[in-house]
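Visitor: If you want the building blocks of each chain, they are given just below.
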Amino acid sequence: MLPTTSHSAILIDDATALENTLAFNFIDMSASLAPECNEVKEKYDNCFLKWYSEKFLRGTATSDECEPLFKQYEQCLTKALRSRGIDNMIKEAREDNRENDAEHMRPKR
Amino acid sequence: MVKFYSASDTYSYPFPAVTLAYFLRYPNPYSTHVLSTDTIARHFDPTTQRLTTIRLHLKRSKLPSAVLKLLPRSLLGASAAGDTQSYILEKSVVDMREGWMDTESQNLEWTGVLSVVERQVFRRPVSQAEEELKMWQGVEGAARRHGFISFGPSAKVEDSGEMTEVKSTVTLHSHIGDKWKKRRAADDSSSSEDEQPQKMGFFKSLTTGSLQSSIELIGLKRARRSQPNAKEGMKVVLERMREGGLVAVLEGMRKDRESAHGQHALKGSGTGGDVD
Numbered sequence: 001m002l003p004t005t006s007h008s009a010i011l012i013d014d015a016t017a018l019e020n021t022l023a024f025n026f027i028d029m030s031a032s033l034a035p036e037c038n039e040v041k042e043k044y045d046n047c048f049l050k051w052y053s054e055k056f057l058r059g060t061a062t063s064d065e066c067e068p069l070f071k072q073y074e075q076c077l078t079k080a081l082r083s084r085g086i087d088n089m090i091k092e093a094r095e096d097n098r099e100n101d102a103e104h105m106r107p108k109r
Numbered sequence: 001m002v003k004f005y006s007a008s009d010t011y012s013y014p015f016p017a018v019t020l021a022y023f024l025r026y027p028n029p030y031s032t033h034v035l036s037t038d039t040i041a042r043h044f045d046p047t048t049q050r051l052t053t054i055r056l057h058l059k060r061s062k063l064p065s066a067v068l069k070l071l072p073r074s075l076l077g078a079s080a081a082g083d084t085q086s087y088i089l090e091k092s093v094v095d096m097r098e099g100w101m102d103t104e105s106q107n108l109e110w111t112g113v114l115s116v117v118e119r120q121v122f123r124r125p126v127s128q129a130e131e132e133l134k135m136w137q138g139v140e141g142a143a144r145r146h147g148f149i150s151f152g153p154s155a156k157v158e159d160s161g162e163m164t165e166v167k168s169t170v171t172l173h174s175h176i177g178d179k180w181k182k183r184r185a186a187d188d189s190s191s192s193e194d195e196q197p198q199k200m201g202f203f204k205s206l207t208t209g210s211l212q213s214s215i216e217l218i219g220l221k222r223a224r225r226s227q228p229n230a231k232e233g234m235k236v237v238l239e240r241m242r243e244g245g246l247v248a249v250l251e252g253m254r255k256d257r258e259s260a261h262g263q264h265a266l267k268g269s270g271t272g273g274d275v276d
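Sequence order for the protein chains is L and B. Using full-length UniProt numbering, read the first sequence as starting at 1 and increasing by one per residue. Using full-length UniProt numbering, read the second sequence as starting at 1 and increasing by one per residue.
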C-alpha cells in the first residue's frame, strides 16, 4: 500500500461535499483563454479534480476517466489556439522540450 | 551567458495536498495577473501511475522599464508602453508511487529577448522511520541468522510527516543581439534599415554580451522578487484545503476571480508578470 494514502484522505474525504457542490452548479475555477470554451473546460476540470483526488492520489486509478470530456474541451481549445495564432508557438516549444525531457523531467535521487 | 536562481524550501503540508494545490494555484490573491489557465494535454500511465500535464497560462505582464530602455523601438512594436500579455507553457509530471512532482514553466514569447525557465521539484521526504526500518530489518535479518534476537512486528513505517520539500530553479537566458550580429554578417552590403534597431549607436557602445547580461540580471531580480509571492499563493490554497477541503479551495478561487476582475477594472493593469 502506498504510504500516501493516509495523507490524501485528509483532504479528499469531503468528496461527498464536493459532489454536492458539483451537483448544484459549475464551480467557478480559473477561466479559459477562450470564453467559448469555459463551459466545457469547467466540466472537464470538475471531472479531473474528482478523479485526481479520489483515485489518482490514492493510487487506485486504472485509467483517465475524464478523457472523453477532455476530448471535447481540446476540440474547442484547439480551434481557439489556432485562431489566435498561438498553436504553432506551442508546438515549437513542446518539440524543443521533448528533446530535453528525457533527461530533465526526472528528479535525481 | 546564462543566469540561475535556485532555492530550497519546505511546505508543512503532505505531498498529495501540495500536488493538488499546484494544479489549483490560480487564481489566488497573489496571482491577480493570471488571466486564464487551460489544460492543453494530459496523459495518465496506469503502469507507472504517472500523470503528465501540459497547461497554458495567460498572464498580464509589464516589461520592466529597465528593459524597455535597453530595447530598440523596432523590437517593441505596438507594445511600446511595455504592457503585454504573455503566454506561459507549464509541464508537470506527478509520480505518486515515488512521491515526486516535477514541473517546468517557460515563457513562449519574447524568448529572444529573455527566456525564463522555472523548474520546481516537489518531493515527499523519505522519512526517518522508513530509513531506520530498513536498517533495522537488515540488523534483524543478521541477528536472526546469528540466532541472537528477534524483533517483534512492532517496528513499523510511520507517516513521513506533513512535509513536502521543494527545490526551485529559474534559468534566465537572453539571446538579444544574436540575430543582428548574424544578419549583419550575412548581408553587410544591403541596407535593411527598418530591421535595424534605431539606437544602433547605443548598442555599439554595449557589447552584445553585456546587453544580454544586463537583461538577464533584470530578469533575475524579478524572479527573486516574485518567488515569495508564488509561495504565498500556494500556501493560501493549501490553507484553504486544510480548513475546508476542496470545497473551500474552490469557493476561495471563485472569490479571487471576482476580486481580480474588480481590480482589473479599477487599475487596468496588475502586478508582476514573470513566470510565477
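No lab work stands behind these hints, which were simulated from the structure alone. Remember, it's a predicted structure, so these values are computed and weren't measured experimentally. Certain hints may be false.
Derived DSSO-like pairs (lysine-lysine); straight-line CA-CA distance at most 30 Å [claimed, not checked]:
1. L:43 with B:3
2. B:3 with L:55
3. B:255 with L:91
4. B:167 with L:55
5. B:231 with L:50
6. B:231 with L:43
7. B:231 with B:221
8. B:235 with L:43
9. B:231 with B:167
10. B:235 with L:55
11. B:255 with L:55
12. B:69 with B:3
13. B:255 with B:62
14. L:55 with B:231
15. L:50 with B:62
Visitor: Does residue 3 (chain B) lie within 30 Å of residue 43 (chain L) when you go C-alpha to C-alpha?
Guide: Given pair residue 43 (chain L), residue 3 (chain B) is violated - Cα atoms ~41 Å apart, limit 30 Å.
Visitor: Within a Cα-Cα threshold of 30 Å, do residue 231 (chain B) and residue 43 (chain L) meet the stated pairing?
Guide: holds, 28 Å
Visitor: Between residue 235 (chain B) and residue 43 (chain L), does the CA-CA distance stay at or below 30 Å?
Guide: At roughly 26 Å apart (the allowed maximum being 30 Å), residue 43 (chain L) and residue 235 (chain B) satisfy the hint.
Visitor: Is the straight-line distance between the alpha-carbon of residue 235 (chain B) and that of residue 55 (chain L) 30 Å or less?
Guide: holds, 24 Å
Visitor: So if I understand the rule, the pair passes when the alpha-carbon distance is 30 Å or less; does residue 231 (chain B) with residue 167 (chain B) pass?
Guide: Satisfied, since the Cα-Cα distance of roughly 12 Å is no more than 30 Å.
Visitor: Is the straight-line distance between the alpha-carbon of residue 50 (chain L) and that of residue 62 (chain B) 30 Å or less?
Guide: violated, 36 Å
Visitor: Verify the proposed pairing of residue 231 (chain B) with residue 221 (chain B), using a straight-line Cα cut of 30 Å.
Guide: holds, 16 Å
Visitor: Residue 231 (chain B) and residue 50 (chain L): Cα distance at most 30 Å?
Guide: holds, 25 Å
Visitor: Given the proposed pairing of residue 69 (chain B) with residue 3 (chain B), does the C-alpha separation stay at or below 30 Å?
Guide: holds, 21 Å
Visitor: Checking one constraint from the list: CA of residue 3 (chain B) to CA of residue 55 (chain L), max 30 Å. Satisfied?
Guide: violated, 40 Å
Visitor: Given the hinted pair residue 167 (chain B) and residue 55 (chain L), is their Cα-Cα distance within 30 Å?
Guide: holds, 27 Å
Visitor: Run the distance test for residue 255 (chain B) versus residue 91 (chain L): straight-line Cα separation, threshold 30 Å.
Guide: Violated. Residue 255 (chain B) to residue 91 (chain L) sits at ~34 Å, over the 30 Å cutoff.
In the structure shown, a violation is registered for the earlier hints numbered 1, 2, 3, 15, in ascending order.
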